[in-house]
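Peer 1: Chains as they are written, first to last, in our numbering: chain A, -1 to 365; chain B, -1 to 365; chain C, -1 to 365; chain D, -1 to 365.
These aren't lab readings, by the way, just hints derived from the structure by calculation.
There could be a bad hint or two in this list.
Copies of one chain are not kept apart here, so a pair can be met inside one copy or by any two copies together.
Mimicking DMTMM-like on lysine to aspartate or glutamate, the simulated pairs with C-alpha atoms at most 20 Å apart in a straight line are [said to hold, decoys possible]:
(1) Lys33 - Glu313
(2) Lys267 - Glu306
(3) Lys146 - Asp38
(4) Lys141 - Glu64
(5) Lys253 - Glu162
(6) Lys253 - Asp304
(7) Lys146 - Asp351
(8) Lys253 - Glu160
(9) Lys267 - Asp362
Since this is a predicted model, take the numbers as computed values, not measurements.
4 protein chains.
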Amino acid sequence: MAGSTFGQLFSVTNFGESHGVAIGCVIDGCPPGMKLSEADIQPDLDRRKPGTSRHVTQRSEADQVEILSGVYEGVTTGTPIALLIRNQDQRSSDYGNIAMQFRPGHADYTYWHKYGVRDPRGGGRSSARLTAPMVAAGAVAKKWLFEKYGTQIMGCMTALGEVEIPFQDWDFVAQNPFFSPNNDVVPELEAYMDNLRREGDSVGARLMVGAINVPVGLGAPLFDKLDADIAYAMMGVNAVKGVEMGDGFDVVAQKGSQHGDEMPPTGFKTNHSGGVLGGISSGQPVVVHVAIKPTSSIRVPRESIDVEGNAATVETFGRHDPCVGIRATPILEAMLALVLIDHVLLHRAQNGDVTVQTPVLTMDEGL
Amino acid sequence: MAGSTFGQLFSVTNFGESHGVAIGCVIDGCPPGMKLSEADIQPDLDRRKPGTSRHVTQRSEADQVEILSGVYEGVTTGTPIALLIRNQDQRSSDYGNIAMQFRPGHADYTYWHKYGVRDPRGGGRSSARLTAPMVAAGAVAKKWLFEKYGTQIMGCMTALGEVEIPFQDWDFVAQNPFFSPNNDVVPELEAYMDNLRREGDSVGARLMVGAINVPVGLGAPLFDKLDADIAYAMMGVNAVKGVEMGDGFDVVAQKGSQHGDEMPPTGFKTNHSGGVLGGISSGQPVVVHVAIKPTSSIRVPRESIDVEGNAATVETFGRHDPCVGIRATPILEAMLALVLIDHVLLHRAQNGDVTVQTPVLTMDEGL
Amino acid sequence: MAGSTFGQLFSVTNFGESHGVAIGCVIDGCPPGMKLSEADIQPDLDRRKPGTSRHVTQRSEADQVEILSGVYEGVTTGTPIALLIRNQDQRSSDYGNIAMQFRPGHADYTYWHKYGVRDPRGGGRSSARLTAPMVAAGAVAKKWLFEKYGTQIMGCMTALGEVEIPFQDWDFVAQNPFFSPNNDVVPELEAYMDNLRREGDSVGARLMVGAINVPVGLGAPLFDKLDADIAYAMMGVNAVKGVEMGDGFDVVAQKGSQHGDEMPPTGFKTNHSGGVLGGISSGQPVVVHVAIKPTSSIRVPRESIDVEGNAATVETFGRHDPCVGIRATPILEAMLALVLIDHVLLHRAQNGDVTVQTPVLTMDEGL
Amino acid sequence: MAGSTFGQLFSVTNFGESHGVAIGCVIDGCPPGMKLSEADIQPDLDRRKPGTSRHVTQRSEADQVEILSGVYEGVTTGTPIALLIRNQDQRSSDYGNIAMQFRPGHADYTYWHKYGVRDPRGGGRSSARLTAPMVAAGAVAKKWLFEKYGTQIMGCMTALGEVEIPFQDWDFVAQNPFFSPNNDVVPELEAYMDNLRREGDSVGARLMVGAINVPVGLGAPLFDKLDADIAYAMMGVNAVKGVEMGDGFDVVAQKGSQHGDEMPPTGFKTNHSGGVLGGISSGQPVVVHVAIKPTSSIRVPRESIDVEGNAATVETFGRHDPCVGIRATPILEAMLALVLIDHVLLHRAQNGDVTVQTPVLTMDEGL
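Just chain A, with the same shape it has in the complex (with noise of 0.2 Å):
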């Protein structure tokens, strides 16, 4: 594939620049039957929409979604969802002196080098609006799995830059603009952006996302373990630079008898492994941590060239997150869920026959 589809049988194909027409996607191979409507889809949506708090960009988009086809009387039909959502709030003048220079750590100069041409008006197809339509996607296969399985996708930072977020409860995380579960830290968390915007740097974050009631045996031995396409999904949203399942780094100084999850009738002790062993899910829940570098629009003069070589000094003004890891925790759950229901169906339709008489083991511990 020509690399903008995700997924092979609940596939989605995103289309769009971040200051183009239109943004969106087509889902292909959602099970028919299904209630649908843009209701289901939308507060996803405004989740992870821009401008809900002064930390993030304060671009102004609805990000109001139309599904265009797909959808029968309410119910999806098992052809293809279009979903589209209009840009808005296009103010390219902003971005005028980007055109023609490279910001560090930026995709402007890996583009340029790679087509040849590009769009540079906030970022063009590089842009983290193009998560949005993912958003939605990811809406729809939440939808579906909740209603067959009773999974639950739960996401939620757990760094912010240099400050650590203990978890205290699920609850909190849609309380805060930081989709923090610890309500205690939110004003440290307020004055370390605020500082940061006056710096006019950018800094990173950690985010964690995971599932429960996820049914065992989704996966694939090699190549497409759930594990795998979990990484790629995740590595593959904008900003992230490490992936980690279950204990992650921390199995390196582990032993064999301490990260094994021992797993006696009563169900699993433990879940050092994240829910996923041999690359197949085990029923434990799904644990996944991310690791989100600093944003690359900054103000801070950074050295760099421009399209003809020459030294150019750089410095971003125009609206941009100084940490995009605080809209990213619906970014990451949609992932996630989008992984989940494309291995649904291919598990189903290679071991649909399939049955054991070895009971399925609990797990009482939650994300």
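Please build the complex by placing chains B, C and D on the supplied structure of chain A, with the hints as guidance.
Peer 2: Frame of chain A, contents of chains B, C and D only:
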């Protein structure tokens, strides 16, 4: 695809089980006209094969590769290259008890629930033995990349359990059984492993793999970013639980002014990005870090169930790697080579006519 | 893939239903740097659109295409090109009775059993209206092929029902509503169709489509032969029941000494092969013949069942093409263009470095 | 994909050359739990193998298949099934002159221009010998389809050169070397072939292949229609130049009132459609007709060029089939089986939860 094929245009289809008749792969899409014989492939297989030191499994396999097709008079013809490795040392009696029980942390349980049947001998399809054909395919990819672009791919171990391995010199990697780029630490590593074997336990590891002389422009905006496909490839290797590009999880606490690699006309000054910007290669070295979990086949008794759901205490005897990370370096190198060659072919398919006046920046710093 | 995406590297994802909000497609993988605007696409859409003569459906659709993405300052950027066509003349009330009954020879019954739900308005997803986005995508492919290789793609009708249409001149094709390359036969065709409409019946047709200036070397040995992909593309067009390459079914009675096209240094002497040898283009014109069945939506009463399995007599009123073959020429041209561009990209991906001293043979005879 | 893999979910990757070490394939995605051994596969290979009568090539190949993986204790495990057939009777000296010249009508010329290198021995990769692994894979698919749905796949010859073969009885097909369903015509066929061999010429053939007990609902609206994939599969078989579904090219002159198969509650009354409506199986028998061209390797002298572009007269000696259609029946059966099983898996992936109250219609008429 059904899952056992890696890569879109340079496609490797893997087959076999640990204790079956044979393992192997079919490489489809190799460019024609390259000199190739078994002698080009065997060295990497020898680097990966078992039984080369007391610190790895004592299973005795020559891992002799046979080219069945796709090469005529010593030159690739562009048609599928089938590679075959006969299994030799199948001591399946070792695995009697495992067939009816599930090792904590192992794929036993998930395979069973997915397929309702499994080959328990040596882990069957879930065995790391299946990485051998990938190492063979990777050797073909490495050769082509080197001849075409001078691309070189190198890996090493950077931590074994709690023991950190500070980088000294690439030349050292081939001089010890750990792929350690540090000779001074080798006695400590040996003592660590000897102790571990006595305890009947296993341990994790961290590895680095990278490439130099990677052309600029490889990778698609979304979703087939070069780093997304690298993450997929690495997380798909047995026992991997974490993948980082460049600075990886360190980016969480970085500022944008610190992370973005400045790029004056003299070239990139740093390589925090790990060689990928916006999902597309920048010409900087590609740098990847990988976390490998401890093996689940250990002598330490563990709580589990059997296939009927009854409580069982699992102790695994037989021949196993106490640290699969020790033999993983050539595997990670191969997977990186396979991702790179696939993206070279994808890139020139779409962008074969692109010409850009902007000079390509250099990067002095190596891996 | 879930089925609605055509092509591997120049990929077209189609969406929409006959009477939905909109139809369209996303082209992924178009090479960058080509000038493109709606004006390059609209002419082929106009050739295909309904209502242009009394011999086709009287539904009134402007089929005005809008480019939503992938083009910046009039040039393709290499990113997905989304094309949107709003439906305008949905007179869904026409289809009331069809919703509960199955037309013999129509997709009604099979869609219903496959999905358990369907959009019956105008045939929903099974409507030939969904070929419009393919015609639009094909126009993009045609433009690129012509600019790169001088490739030209042409089609015409060669039989309408029992009326054979002997070839006279390509120029005539645009001069009559039947895409007939013969002007003398047009009055007979008109009378034939007028009579058919009075009877409330429909009829089949045979079309030819071909290409000149196709580079040698397109297609893979197996399975993605150029002719195999052409057969897939053509048989995938609504109502097509037969596909022939070159001499097609006439080869059954041919001798090898008659069929094999002699190829002295002066060039190919004949073109029995239709431009493909061993699945790979030879540089001869590509020649394809296609059989199109009569429409199943007719006024003549037919025996069938309703959704509850009761006997039903089906008579279809509303607006329908009595011969879908009449508007099929631009569709077949588009599908051929899409196959060719995909194979050009696939070919240069693998074989971009191939050089051969052997001269390329010419072929005087055109289509 | 690089082209040598057939099928999306039941994927067969083919490898090998006519005179190489071995040929074979890897089946990925076979459902687990089916009994399978070489004895299930060999009979179809024996039907296809050379040397079984004086009317086919006299090359002596046992075509003995070895299962290398994917089967444990006589049962499929759901992991890749590798099948290996060693070549035995490579008499490559026969092909000396062919290496430097191009046979008219043969893949010689196009391979050479595509790859710049080719294995000329026995046609290398372009040889019909590469259909043997597909026959083997098809035997696995046939077994699964029969056990799951009672699906049966049958083929026969319907014309050999100018000799039409009127259908008499399926039982006759196995009783003569031509796969003729008519015993009376066999002497005429034998005389025809004997004469042809004396002339050193070759001839074409027409075959029919079909399936009964195909479940309703297989195939996607567009583009992966069941008939589109069948056309792809059939046109991809060596020497095929035409494919028809059901009435095929006869539909051109049919009226809609004649073509559309009436379907009262008692079942389909006719089968003009060939078992596919709107790209989706209807439950009627699937009926396909295929045109096979005469072999290009003939003793009759033909005008051509050599690799340097000089004029050359080509006369081909060595062992060849004067009519490749004679051995093609099991090949077409296999390809049809592979398409059907792939679509069964695709269908249940998306639509595994669909239930419909409408009864499934029957069809008395067989193939």
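Peer 1: If a hint holds in the structure, say so; if it does not, say that too.
Peer 2: Hints versus structure:
For a Cα distance limit of 20 Å, the shortest separation of Lys33 from Glu313 qualifies neither inside one copy, at 48 Å, nor across copies, at 32 Å. In the homo-oligomer, the alpha carbons of Lys267 and Glu306 lie at most 20 Å apart only across protomers (19 Å), although the nearest pairing inside one protomer, at 60 Å, exceeds that limit. Proximity of Lys146 to Asp38 under the C-alpha cut-off of 20 Å is restricted to the intra-copy arrangement: shortest distance 16 Å within a copy versus 38 Å between copies. In this homomeric assembly, Lys141 and Glu64 come within 20 Å of each other (Cα to Cα) only inside a single copy, at 17 Å, whereas the closest approach across copies is 31 Å.
Taking CA atoms no more than 20 Å apart as the test, Lys253 paired with Glu162 passes between copies only; the shortest distance there is 15 Å, against 26 Å inside one copy. Proximity of Lys253 and Asp304 under a CA criterion of 20 Å is satisfied in neither setting, with 51 Å inside one chain copy and 23 Å between copies. Taking the shortest Cα distances, Lys146 and Asp351 sit within 20 Å of each other both inside one copy (18 Å) and across copies (10 Å). Proximity of Lys253 to Glu160 under the C-alpha cut-off of 20 Å is restricted to the inter-copy arrangement: shortest distance 10 Å between copies versus 29 Å within a copy.
Taking the closest pair of Cα atoms, Lys267 and Asp362 come within 20 Å of each other only inside a single copy of the chain (8 Å); across copies the shortest separation is 50 Å, beyond that limit.
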